[in-house]
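Participant: Here are the chains, one letter per residue:
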Amino acid sequence: MWLKPFITIILFYFFAILQNSFFTHFVFSGGVLNLIFILFFLFVFFEKQKSYYWVFFYAVMAGLFLDIFSYASLGISIVLLMAIAFLVKKTQSLLKEEKDDFSLVHFALLFSVSFILYSLLLQTCIFIFVVPHVFPKFSLSLIVEIIYNLMFAVLAFLICKKYVKKINERI
Amino acid sequence: MNVSSASSINKKKKNYLKILSGAIIFCIFIFVLNIFSSQIKNYFYLLSSPVQKTFFTAGESLSGILNPFLNIYNLAGENENLKKENQNLLSQISLLQATGEGLQASFDFSANCQDKNFTTVMASVIGLDGQDIISINKGSSDGILEGMPVVSQQGVVFGKIFAVYKNFSKVMLISNKNSVIDVKIQQKTADPLMPEINGVVRGNGGFSIFLDLVQVDQEIKEGDILVTSSLEKVFPKDLLVGKITKIEKNDQKPFQQAQVEQFFEVKSADNLFVITNYKQEN
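Just so you know, the protein sequences line up as chains A and B, in that order.
Start counting at 1 in the first sequence, then tack on 12, and there's your number in my numbering.
Start counting at 1 in the second sequence, then tack on 15, and there's your number in my numbering.
The set of hints was computed from the structure by calculation and includes no laboratory data.
Where hints are given, some of them may not hold.
Claimed, not checked - Below, in silico cross-link-like pairs of lysine to any residue (SDA-like), each with a Cα-Cα straight-line distance of 25 Å or less:
1) B/K258 - B/K28
2) A/K62 - B/K28
3) A/K102 - B/I34
Said to hold, decoys possible - Now the stretches of chain A that chain B is said to cover, found in silico as 3 or more residues with beta-carbon under 8 Å:
4) 29–42
5) 115–127
All values derive from a computational prediction rather than experimental measurement.
The beta carbon of each residue, even a glycine, is placed where N, CA and C say it ideally should be.
Take these sequences, add in the hints, and give me the full structure.
Facilitator: So, in structure tokens, the structure goes:
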């Protein structure tokens with residue numbers, strides 16, 4: 013019972029460290045890899061419909077680690093990720109196809125929209141609560157960042173999908 | 016009112032109560048987190064610092080190996096630029112030798128520190144935030160305070176201390192969108208009779224900066240060097256900021272802007288220096 017949350021916390025923590033140390037050397041045109049967001053989105057996307065407690069747990073853990081390793085106040089990312097997670101689950105239930113529960117197109121679309129939402133809302137919150145200086149806007153570096161993150165997310169999605177399919181076949 | 020509709024109203028009421036109590040508990044949780052924010056962040060830093068440093072060094076080595084392959088298409092252009100830059104530097108050397116102002120153009124930071132009695136704390140970069148913020152391994156226990164300038168050994172400005180924790184600090188790079196610093200422009204053909212040209216360097220995000228607020232009638236050229244002017248009393252004067260790469264002049268605007276190639280390089284910055292007594296000196 014405790015194995016799943018324990019592994020989830022360890023994974024988020026490990027990815028947070030990787031993101032803030034190893035991948036800081038792989039910044040392309042201002043685009044930074046957000047491994048915690050990718051992991052959070054994968055967890056939420058592959059989670060069963062109506063498992064709201066788990067979705068809440070993923071949002072709290074991912075948001076907490078994102079806030080700890082950034083200069084934002086604790087709680088901003090938790091609230092934003094919670095909102096995004098519930099939106100994703102709601103959209104997924106509307107988009108669900110009969111043949112394929114987890115379509116790549118749906119994943120890519122939802123991921124991109126969620127990532128843009130999170131980035132812009134986070135910048136707005138930082139503008140309001142932390143440094144009221146420059147109002148956030150859609151920039152070239154954000155586009156590069158989406159593409160960069162999407163590449164990794166799609167790769168992880170394909171691996172996870174295979175794994176989820178195997179589990180489903182066994183069941 | 017029948018029994019089934021009454022029970023459904025009761026269910027709805029219970030659900031609302033559940034959501035409301037959940038929201039209240041969540042708000043208290045966030046509030047408590049923020050009371051202990053500094054301690055929580057510092058604790059996680061202490062816990063993960065050794066692993067983070069190891070991964071940071073590993074990433075540095077790997078990017079050093081991969082960068083030549085990733086930039087192979089830019090090598091020809093870069094070579095051409097370096098040749099031009101070399102020629103420019105040679106002409107500048109001869110100019111400085113001729114005018115006897117070689118000492119003025121010297122930006123050796125250690126010498127600068129000795130001259131101005133600056134006290135510095137050496138720190139290592141341990142991480143990077145996506146918003147042009149870096150973490151360094153020195154904090155309030157090392158005498159670091161918010162607003163202190165952070166420079167490299169060569170006297171290149173990186174930014175200023177933005178948040179301080181007990182054992183580490185966050186540095187807002189000059190490329191952060193919230194960063195604005197006063198600069199003066201050092202022209203290639205410096206004429207001592209010409210008035211000093213001042214402007215500001217703003218952060219553009221994604222490790223890029225640009226020059227702003229230079230009056231239209233003032234002549235600036237590509238290749239001119241930007242140094243700090245110390246007007247805002249955050250950075251000591253004559254620290255290196257960047258080099259003008261493209262001027263954007265518009266007659267309809269009262270000020271001209273320019274694209275700037277920044278001198279700071281986060282990837283290759285092993286050690287940084289925090290000037291701890293600049294404000295007191297001024």
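Participant: All hints are to be evaluated individually against the structure, with a verdict given for each.
Facilitator: Verification of the supplied hints:
| no. | hint | verdict |
| --- | --- | --- |
| 1 | B/K258 - B/K28 | violated, 66 Å |
| 2 | A/K62 - B/K28 | holds, 20 Å |
| 3 | A/K102 - B/I34 | holds, 18 Å |
| 4 | 29–42 | holds (count 12) |
| 5 | 115–127 | violated (count 0) |
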